[in-house]
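First to last, the sequence lines map onto chains A and B. To convert, note that position 330 of the first sequence is 330 in this note's numbering; the numbers rise steadily by one, no gaps. To convert, note that position 49 of the second sequence is 1049 in this note's numbering; the numbers rise steadily by one, no gaps.
It should be emphasised that the hints constitute simulated quantities derived from the structure, not laboratory data. Note that the coordinates shown come from a computational prediction; the quantities given were computed from them, not determined experimentally. Watch out, some of these pointers could steer you wrong.
Each computed EDC-like pair below joins lysine to aspartate or glutamate, with the alpha-carbon atoms no more than 16 Å apart [what the hints assert, rightly or not]:
1. A:LYS358 to B:ASP1398
2. B:LYS1358 to A:GLU400
3. A:LYS358 to B:GLU1401
4. A:LYS358 to B:GLU1400
5. A:LYS405 to B:ASP1356
6. B:LYS1405 to A:ASP46
7. B:LYS1358 to A:ASP398
8. A:LYS81 to B:ASP1318
9. A:LYS405 to B:ASP1046
10. B:LYS1358 to A:ASP402
11. B:LYS1183 to B:ASP1146
12. B:LYS1405 to A:ASP356
13. B:LYS1081 to A:ASP46
Here is how the chains run, residue by residue.
Number of protein chains: 2
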Amino acid sequence: MAKLILQSVLFQGKKQDILISEKKFSKVGQPLTERDREKAEVVNCDGLAIVPPFYNGHCHAAMTLLRGYADDMPLQEWLTKYIWPFEAKLTNKAVEIGTRLAVLEMIKSGTVFFADMYWRREYTMKVVKEMGIRAAIGVTFAENLDTPEHIEENFDFVRKHLHESERVQIAVMPHSIYLVGEKLFKRCAKIAHEEGMVLHTHLSETLKEVRDCNKQHGCSPVELLDRYGVLDENLVAAHCVHLTDCDMSLMADAGAASILNPCSNLKLGSGIPKIAKMLDSGMLLGIGTDGASSNNNLDMHEDMKLVSLLAKANGRADTLPACEVLNMATAHGAMAYNIPAGVISEGFLADALLLDLKNERLNPLHNLESNWVYAADSSAIHSVICNGKFVMRNRHVDGEEDIVKEANACALKLAGK
Amino acid sequence: MAKLILQSVLFQGKKQDILISEKKFSKVGQPLTERDREKAEVVNCDGLAIVPPFYNGHCHAAMTLLRGYADDMPLQEWLTKYIWPFEAKLTNKAVEIGTRLAVLEMIKSGTVFFADMYWRREYTMKVVKEMGIRAAIGVTFAENLDTPEHIEENFDFVRKHLHESERVQIAVMPHSIYLVGEKLFKRCAKIAHEEGMVLHTHLSETLKEVRDCNKQHGCSPVELLDRYGVLDENLVAAHCVHLTDCDMSLMADAGAASILNPCSNLKLGSGIPKIAKMLDSGMLLGIGTDGASSNNNLDMHEDMKLVSLLAKANGRADTLPACEVLNMATAHGAMAYNIPAGVISEGFLADALLLDLKNERLNPLHNLESNWVYAADSSAIHSVICNGKFVMRNRHVDGEEDIVKEANACALKLAGK
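So here's chain A without its partners, still in its complex pose (with noise of 0.2 Å):
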């Protein structure tokens, strides 16, 4: 049984010693033992705090490799021109290439699990498992592009793949409204509440998307979930940036989940969600970075000070508070996602940055809490733990160049430089 013993580590105002074990926090602030210290690996953590890493409730992890491919144009010029026929010439090789330098870079920024809604899932999951992190790999379900064969296979898949492997976790993703009819949103929903898997969408993203569904079918996406009958607690909407007060109630009242996103949202110029209505509403919110290509980056640290901020442009400083907002980027996140983590304590899964509080901005020390999330940027972060190991350790990840070298390679390749 692999032991860890976090010693002299600052936790909620003074120092602690943390245990784990099982891969959980096993003690944490309670003296221990003689038992408790045998066989452990002892971490001196003078001058490191202790916080909850971020979980990524949206992302496309491959997508890192199109990073700074094509910025600051029209949405379907931006797809059509650029995304879409760079897309068409990825290979499973350069999925499982662009991963590695997502989850890199997600550990980079303290980040230790990501929802991927992507193609060739295999290669995605087979990075997470050698990387050590934690994932919610997405099955993918696109209408226009799949055959009624694919579509089959990607069925089989969600059977054959239940309960993946500890950290792995499958998730069943219709793209969105747009791109998945009824008929086939109606399977994705059940299929997932059989296989205790989570549903994951897209949903109120653009004004188009709004426009269009009001169009067709005479009322909001939200709405048209809710008709369909998968508005419920098993539901993770990504984005929600053009919800209605209606939309909001009808979320909460179902227990449905929302991943904000909203450095992508901006930068893609669809608009600012509604952030502190949507918290009056009591909707459960987690937050995501979505692809590297539209945010341009996975770091979910930016989007979480970006939602606290956001949130307040309703003119009040105390909307959404640090520790709120904080909590969002992590035990929230992790919750939608049914994951028993994000939070420094007994019985959770043992995933926790160490913070250098030697880093200038956390200091001076008046609140450890506000410092890392309106003044922190990764350069803070000294350690990543993940399922009780270390996949960073004094800001080293092994093979990073390695990582980064291949991916330049590989991208540039691909883009015909």
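Position chain B against the provided structure of chain A, taking the given hints into account.
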């Protein structure tokens, strides 16, 4: 004559040699002669790229001591119960210590200049001279706080400290239209003109300011300054969150510059500046961080990305592309303060950042500028050069651990902890 050669540094898509001499860029990309190389320090920059550093157009550096001291509450409560009582306890030494932490943070996040509006300016100036960066040190006027004698002392100081040093300029800073009346504002503008100094003020930061001004003067704050006759190219106004179309035209026609501080504006609930419209008006726009008690950091990169994102809140992804917002945070900021810098080009002052091309967020390298603006954070900054000298080298700033420790101890003592 100190000479520095940056050898094989990535610039404009290819590896070039750059010669710095007499504190300026002397040769960029031209072949270097034997004479150029004579007595020059040669720095191997293989694997590094050069970009201009940041010019922070609005800051209150010493307030870094208050970072995280009070957050997430209504403005009046925040000011009267927390900020002002804490500030009342600041000594000369505390201002010096707080500014040192601020300058350290700015250097580590790529900033080589800041415009500072605060009190006890001699101590701010001392730190700037010592740490090697640039500043416009404010002589701050606030009639509600200053005695008539103090105001005269201020003017004496302005006259005496002309052309303070090659890195430090003095700027005349009437706090705002609500703390400085017509007569004093005009006197400030007059002496600034006579002495060739910038006139810097807070302007249209909150709706309350705009409403009170309309009530009291029957016009907007910008119109009031126009009426005073001080709206000209010498004026650099911070915030400008609540400008009318007419205000923007007035400022653009007058050649007055505006410094955007979106992070602070959002965090304090002041609102979102209308960036797209301001761009359309043709105004000169720079970027600032405001103080760390309201931001809560001094990271220009973060504010730069936020400006670029908020500009796209108009629904157009092609508003303010990466290269333009980078200009705003660099060359345009320098221009607002009459500093011939912010451009990597012969004849300009030798200020620069060296970026680490191994950093995961700068890869793949489809487009360095896009990666730097949209994807990176401070962890990508390898070294910082100001006035031809390294102020950070390989992420290390001389004395940084002591600066952080001293600031933390000082701030906690002032807070009574």
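LYS1405 (chain B) and ASP356 (chain A): Cα distance at most 16 Å? The given pair, whose Cα atoms are some 13 Å apart, holds under the 16 Å limit.
Assess, step by step, whether the Cα of LYS1358 (chain B) is no farther than 16 Å from the Cα of ASP398 (chain A), and give holds or violated. holds, 14 Å
Would the pair LYS1081 (chain B) and ASP46 (chain A) pass a check requiring their Cα atoms to be no farther apart than 16 Å? Given that 16 Å is the threshold and the Cα spacing comes to 34 Å, the pair is violated.
Compare the distance between the alpha carbons of LYS1183 (chain B) and ASP1146 (chain B) with 16 Å, and conclude whether the hinted pair is satisfied. It holds: about 15 Å lies between the C-alpha atoms, which stays within 16 Å.
Need the status of pair LYS358 (chain A), ASP1398 (chain B): alpha-carbon distance at most 16 Å? holds, 14 Å
LYS405 (chain A) and ASP1356 (chain B): Cα distance at most 16 Å? holds, 13 Å
Are LYS1358 (chain B) and ASP402 (chain A) close enough, with their CA atoms no more than 16 Å apart? holds, 10 Å
So if I understand the rule, the pair passes when the alpha-carbon distance is 16 Å or less; does LYS1405 (chain B) with ASP46 (chain A) pass? holds, 15 Å
Within a Cα-Cα threshold of 16 Å, do LYS358 (chain A) and GLU1400 (chain B) meet the stated pairing? holds, 9 Å
Would the pair LYS358 (chain A) and GLU1401 (chain B) pass a check requiring their Cα atoms to be no farther apart than 16 Å? Given pair LYS358 (chain A), GLU1401 (chain B) holds - Cα atoms ~7 Å apart, limit 16 Å.
Does LYS1358 (chain B) pair with GLU400 (chain A) here, judged by a C-alpha cut-off of 16 Å? Answer holds: LYS1358 (chain B) to GLU400 (chain A) is near 9 Å, not above 16 Å.
Distance restraint between LYS81 (chain A) and ASP1318 (chain B), which requires alpha-carbon spacing of 16 Å or less: holds, 15 Å
In this structure, the one hint that does not hold is number 13.
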